[in-house]
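A.B. asks: Below, each chain spelled out in residue letters.
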Amino acid sequence: MHNQSITQLIAGLRNGDYSSVELTRYFLDRIERLDPGLNSYITVDAEGALAQAGIADQMLRQGNGSPLSGVPIAHKDIFCTQGVRTSCGSRMLDNFIAPYDATVVSRFKEAGAVMLGKTNMDEFAMGSSNETSFYGPVHNPWDRARVPGGSSGGSAAAVAARLCAGATGTDTGGSIRQPAALCGITGLKPTYGRVSRYGMIAFASSLDQAGPMARSAEEVALMLQVMAGADPRDSTCAEESPPDYAASLGQDIAGLRIGLPKEFFGEGLDSGVAASLEAAMAQFRALGAEVVEISLPNNHLSVPAYYVVAPAECSSNLARFDGVRFGHRCHAPQNLEDLYKRSRAEGFGKEVKRRILIGTYALSAGYYDAYYLKAQRIRQLIAADFRRAFEQVDIIASPATPGTAFAIGEKIDDPVTMYLSDIYTIAVNLAGLPGMSIPVGLANSLPVGLQLIGNYFDEGRLLSAAHRFQQATDWHLAAPADID
Amino acid sequence: MIGFASLKTEDAGEGMSLERQEVEKIAHLARLAVPEEDRETLARELSGILDFVEQMSAVDTGGVEPMAHPLRMAQRLRPDRVTEESRRELFQSIAPETEAGLYLVPKVIE
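Protein chains in written order, with the numbering used here: chain A, 1 to 484; chain B, 485 to 594.
Among the clues, some could well be false.
Quick list of in silico lysine-lysine cross-link-like pairs, DSS-like style, CA-CA up to 30 Å [what the hints assert, rightly or not]:
| hint | chain 1 | residue 1 | chain 2 | residue 2 |
| --- | --- | --- | --- | --- |
| 1 | B | LYS509 | B | LYS591 |
| 2 | B | LYS591 | A | LYS411 |
| 3 | A | LYS350 | A | LYS262 |
| 4 | B | LYS509 | A | LYS350 |
What the hints contain is simulated information worked out from the structure, not anything from laboratory work.
Just chain B, with the same shape it has in the complex (with noise of 0.2 Å):
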C-alpha cells in the first residue's frame, strides 16, 4: 500500500539541489528580480521542490508516449474573417503608460 510515507522528500534520496548561483540564473530567465538576501532561501524551497518531484526518475518510461493533453483533438480552424473591431482606446485605458496609441517602456535604444 502506498501511503504518504513514501512520498516525504526526506526519502527521495541525495535529489536534486540547486546552489545561489543557479538560483539567479533561473530568475533571470523568468525575468524576476530576486533579492540578495532571498537567494539562500528560495535556493532551499526549491531544492525541495526538485527532490520531492526526483521519484519520478525511479519509473521505467521507456516506450511511454508523452501526454501533453488531456484530450485527443485536432485543433480546428475557423474562417479567415475579421471578426473583433479594434477596441485600442478601451485596452490602453488599462495600460500604465500609452502615448499617441502607442504603449510607452524604458528607451530601448540609444
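Next up, chain A with everything else stripped away, as it sits in the complex (with noise of 0.2 Å):
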C-alpha cells in the first residue's frame, strides 16, 4: 500500500479497497517500525490522524469525498497545527501549542487530508542537512549515514521511505529542492505568492515560501491545487487564482525551449551526478524539447547575497522570541534584559544565533549601505539575469545540488562550506522565480536532483515538463533498501 501514489490511494479509497482508517493504522504502523532509524517526524498524532481518517471514511461513504479525502500526509513543523505542538525544530518552541491553523494546514483539512505528524527539519528553517535540528538529524533513508538535505530533511526523509503519501516543505534558499534532491523525490517551490505564508513561522519573509514534496510530478500538482491561491490573511500571498494543474500535467512538451545555464555545470559539480543530468537532457530532447546554452552571470553573487538578506530578515523576524508571551523562559530571570538574553540564547541553536547576529550586524548603524543594500541591488542583478533569460526559453533545467547526499557531521563545522551546498537554488529564491527538483537517477549509489526553473506563476509548465518525464523514465519510483 505504501508504493501507491496519491493517485492511486484517492481511487483505492474511492473503491472502498481499504479505509482511511485502515490506510492510516498502517502508515502509523510504519512509521513507529522505521521512524526509529529515521528520525523524520517530531511529532506523532495518531489519536488525530484516526479521528481524522474516520471522518474521511464517513464523508467518502456519504459520497461527500474532497479531493484528498482519507489521503495520510505528513506537514513540516514549520506550520502551525491548533492544538498539535509546533516546535520549528526549535528548543524555543519545545513547548509551544500552536493556537490556530497555518492556512496551508486548513486548506489539506478541507480536502480531506490525513495529518499524520509534523516532520522534523532544520531549526527555523536555518540549515542544508537537518543537523540543526533540537531533535537531532534526519538520516537520509538511503544510506542511514548521510544527511537527508534540509531545511525540509524530515518532509522528504519521510516521502522516500513511504512513511506518508506526500508532504509540505518550506524553501528560503532550497529547503525544499535540495532535500528533495537528496532523498530522490519531487518537489516544488512555488513563485513567491503562490501559497499562502500565513500561519508558517517566518524565517525570511521576502524570500519563505512554501510547496509540496511527494514521488511524482503528478502527485505534487495534486497538492500544490489544495495549497495555491488567494488569502486575506497574507498580503503578500497573490490574488490570481491557481490554474487547473492536472489539466497543465497533459501538456505536450514537443518544441519546449529548456536553457541549460553554462555557469552551472562547470567546476564543483560532482561527475556522477553531471552524467546523470547529461542523459535527463537527452530524454528531454528524445521527448521533443530543444535544449539551449544559456547564462546566468551573477549566479556566483547569489550566495554572498541571500547569507546579508536573509540573516537581516531573520534577526528581525526572531526578534518575536523574547520569553514573555510564549515560547522558552529562562529559569530565574534577574531582570528583564536578562529574561530576553537567556531566554534566547537557550532556546535557540547555534546556527540560528550566527544568523541572528550576522543579520543584527548587517542591519546595525553604519553597516547597513555595505551589506543589506549592497545585497538588495545584487538581488536586482540577479532577477536580471532571469528576465533576459526567459526572453530565449522557456524553462531552465541545471542541477539541483553541486553532489549527492553528504555525511552526517561531514560539512557541520564550516557554515560557509554549508552553505554553499545551495549554490544552485537560491538565485531562484532571491528572484521568487518557482523551481522544482526531479529525481533523474543514482550517482554512487544515492540519487540526483534535476531542478526545473519557471517563469513567474508558471508551475503549470514546470510540472508538464516533469510529468513528460515521468512518464517515459521510471526515477521517482526508485526507492530505498530497507524500507519494507
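Fit the two chains together into the complex; they arrive one by one in their own frames, and the hints show the way.
C.D. replies: Encoded structure:
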C-alpha cells in the first residue's frame, strides 16, 4: 500500500479497497517500525490522524469526498497546527502548542487529508542538512549515515521512506528542492506569493515559500492545487486564481525550449551528478524539447547576497521570541534584559544565533548600506539575469545540488561550505521564481536531482515537463532498500 | 566559467574581521547572551561569513535599484471591520507566566 501514489490511494479509498482508518493505521505502524532509524518525525499525532481518517471514511461513504479525502500526509513542523505542538525544530518552541492552523494546514484539512504528524527540520528552517534540529539529525533513507538535506529534510525522508503519501515543505534558499534531490523525490517551490505564508513560522519573509513534496509531479500537482491561491490573511499572497494543475500535466512538451545555464555545469559539480543530468537532457530532447545554452552571469553572487538578506530578515523576524508571551523562558530571570538574553541564548541553537548576529550586524548603523542595500542591488542583478533568460527559453534546467547526499557531520562545523551546498537553488528564491527538483538518476547509489526553474506563476509548465519526463522514465519510482 | 574556487573564503582577500568586543555589542543589540568563552569562536565564525559575503563589494552596482521583494505588488487594504474575536485565554494558556489577563515579566520600574 505504501508504494501507491496519491492518485492510486484516492482511487483505492473511493473504490472501498481499504478505508482511510486502515490506511492511516498502516502508515502509523510503518512510522513506529521504521522512523526510529530515520528520525523524520518530531511529533506523530496518531489519535488526531485516526479521528480525521474516521471522518474521511464517513464522508466517502456518503459520497461527499473532497479531493484528498482520507489520504495520509505530514506537515513540516514549521506550519502551525491548532492543538498540536509546533516546534519549528527549536528548543525555543518545544512547548509551543499552536493556537491556530496555518492556511496551508486548514486547506489540507478542508481537502480531507489526514495529518499523520509533523516532520523534522533544521531549526527555524536554517540549515541544509537537518543537523541543526533540536530533535537531532534526520537520516537519509538511502544511506543512514548521510544527511537527507534541509531544511525540509524530515518531509523528504518521510516521503522517500514511504512514511506518508506526501508532505509539505518550505523553501527559503533551496529547502524543498535540495532535500528532494538528496532523497530522490519530487519537490516544488512555487512562485513567491503562490501559496499563503499565514501560520508558517517566518524565517526570511521576502524569500519563504511553502510547497509540496511527493514522489511524482502528478502528486505534487494535486497537492499544489490544494495549497495555492489567494488568502486575505497574507497580504503578499497573489490574488490571481491558480490554474488547473492536473490539466497542465497533459501539456505536450514538443518544442519546449529548455535553457542550460553554462555557469551551473562547471567546476564544483560532481561528475556522477553531471552524467545523470546529461542523460536527463537527452531524454528531454527525445521528448521533443529543444535544449539551448544560456547564461546567468551573476549566479555566483547569489549565495553571498542571500547570506545578508536572509539573516537580516531572520534577525528581525526572530525578535518576537522574547520569553514573554510564548516559547522558552529562562529560569529565575534577574531583570527584563536578563530574561530576553538568557531565554534567547538557551532557546536558539548555534546556527540560528549565528544568523541572528550576522543579520543584526548587517542592519546596524554604519553597515546597512555596505551589506543590506548592497545585497538588495545584487538581488536585482540576479533577477535581471533570469528576466533575460526567459526571453530566450521557456524553462531552465540545472543541477539541484553540487553532489549527492553528504555524510552526517561532514559540513556542520564549516558554515560557509554548508551554505555553498545551495549554490544552484538560492538565486531562484532571490528572484521569487518557481523551481522544482525531480529525481533523474543515481550516482554512487544515491539519488540525483534535476532542478527545473520556471517563469513567474508558470508552475503548470514545470509540472508538465516533469510529468512527461516521469512518464518516460521511472527514477521517481526508485525506492531505498530497507524500508519494508 | 565560474566555479567554486572563486567562492572559497580564502580568496576573498583581507575581508572583514570582527573583534570580540564587536561580537559583544552585536549580541547585546540582538538580546542574546553569549558566554565569555564562546566569543572568540563566534568572532571567528562570523568573520568567516562576512569575508565570504564581502565579494559583493567588488561588483559595480551603481544605478541598480535595490530589490527588497520579489513581486512588484501594492499592499492591499481590507475594510476596517472587526473580524477576529478576542481569544486572550487561549493565547495566554501557552504563556510562561500570566496573572489576571496580563503577561508577567520581572519588575521594570523600581
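A.B. asks: Hint numbers the structure violates, sorted upward?
C.D. replies: Hint check: 2, 3 fail, others pass.
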